[in-house]
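Enquirer: Take 229 as the starting number for the first sequence in my numbering and just add one per residue.
FYI, nobody ran anything at the bench for these hints, they're computed from the structure. Hints are supplied without guarantee of correctness; some may be wrong.
Pairs of lysine-lysine residues, derived as DSSO-like cross-links and limited to a Cα-Cα distance of at most 27 Å, are as follows [what the hints assert, rightly or not]:
no., residue 1, residue 2
1, K535, K500
2, K557, K582
3, K277, K250
4, K318, K261
5, K535, K518
6, K621, K582
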Amino acid sequence: MGLRRTWISDVRRHIGERILLKGWVHTVRAIGKLVFIVLRDRTGFVQTKLKGQKELAIQLQEEAALKLIGTVIPDPRAPDGVEVDIEELKILSAPVEPPPLQINRPLGVIGMRLETALNHRTLSLRHPEIGSVFKVRAELIWAFREFLRSQGFLEVQTPKIVAAGTEGGTALFPVQYFERTAYLAQSPQFYKQMLVGAGYERVYEVGPVYRAEEHNTARHLNEYISLDYEMGFIDDFREITQLETELLRFMFEHIQRACPKELELYKIEMPKVPKEIPHLKLSEAAAILKERYNKLVDGDLDPEGEKLLCEYAKKELGSEFVFVTHYPKAKRPMYAMPNEEDPALTNSFDLLYKGLEITTGGQRIHQYDMLVEGIESRGLNPKDFEFYLEIFKYGMPPHGGLAIGAERLTAQLLNLSNVREASFFPRDRTRLVP
RNA sequence: GGGGGUGUAGUGUAGCGGCCUAACACGCUGCCCUGUCAAGGCAGAGAGCGCGGGUUCAAAUCCCGUCAUCCCCGCCA
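Whenever a hint applies, use it, and build me the whole structure from the sequences.
Expert: Below, the structure is given as structure tokens:
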């Protein structure tokens, strides 16, 4: 076999030629002495045809890895108008037992419980519908990087093993760090701020974060990928939401171009990201919910409130996205910048998309004294934060930023019912393998 | 952490006190078929109903415990 491999997506450019294909057996259908093998590689599917070779045909099992040489023949009877007449076929690796999942039929037909899919994750990822999720996710992350890079942001990586678990808000995973206890980072928050102050002004990070919450819901993971950015020298927190608006538009337009097959598979109508995503103050949102839906909001929006508010935004404001702003100080971390007009509120926001919170962000406190005060007011000791506070003593610019949950964004875009579906190997309350 | 639900062949489900020595579909095995594409036909194999205990003449079906899992809430991305 001296031929170079042809990717399946390129097969139709080789009509009449002998080509070498490699891939997995997606389906085998034997009709008398004719055997149709749909071969699958990372680029797609093609029907191949084996004639009269019964001994070989009998060994073909679904999901076997094989390579073959054949001629590309146009034939209107073939699924895509072309098929490959097999001349030589070699099974590289045959399954030792029938796979526990069927990956060659639509999920809607076979049904596959999430638990089953996750228990056999590497196999379920071979399923075209399941695998497509990660194509979309990868392109979203690519576009996140590409857009921010174009806006002068520097990609950074910050420690995932950290000393103090005192940012608050969530439980942390302790790890044994030689003779001390360290923690897995719940976010890159402190470090991205520190790097803004370190002179880079604009930084972003794509990396894992860890939350030890014992929640067990369709929207939580204990390890997820956080898409963070932080920017300096801002005048107003709206610069952050405006940039996110442009970022999301770029990301979604990129998906439209890069993932047509996946969008078709999931029957997704890509949302238009409006020029301005509506901003509602939390108090305004609460008033709307009370007035329109007779829904009382106590403090923060609950999941039902988020859903209703998104319904409202879609109907009345023509947007699938809505920023909820001006959260009370008590609901936000100690570094959240108080609002100038009402110091009980903060210049912070969440972004809701199709009924789910996908972003939290805001302006941060940049004044050293105010930050120390904020730390103390939470009953924490500024001494424990010296590593963080240092740069605030030496000309920290006004700044802010946000974090997007990569799995949540992907899941919402594709209308997945559980974030776990947007994680290759999800870590949840009970799952540590695969 | 609180509340609710579910556990039946490899997979997805039905059965919810006796008709169940457990059913259907897909997958699997064998045979037939030269145009299949959720292929078709024929013939098979495969679970004793999560686990432990109890009630009953009788339990997959009811009760208790236990484990697993799912959903909702709190909290969050």
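Enquirer: Determine which of the earlier numbered hints do not hold for this structure and return their numbers in increasing order.
Expert: 6
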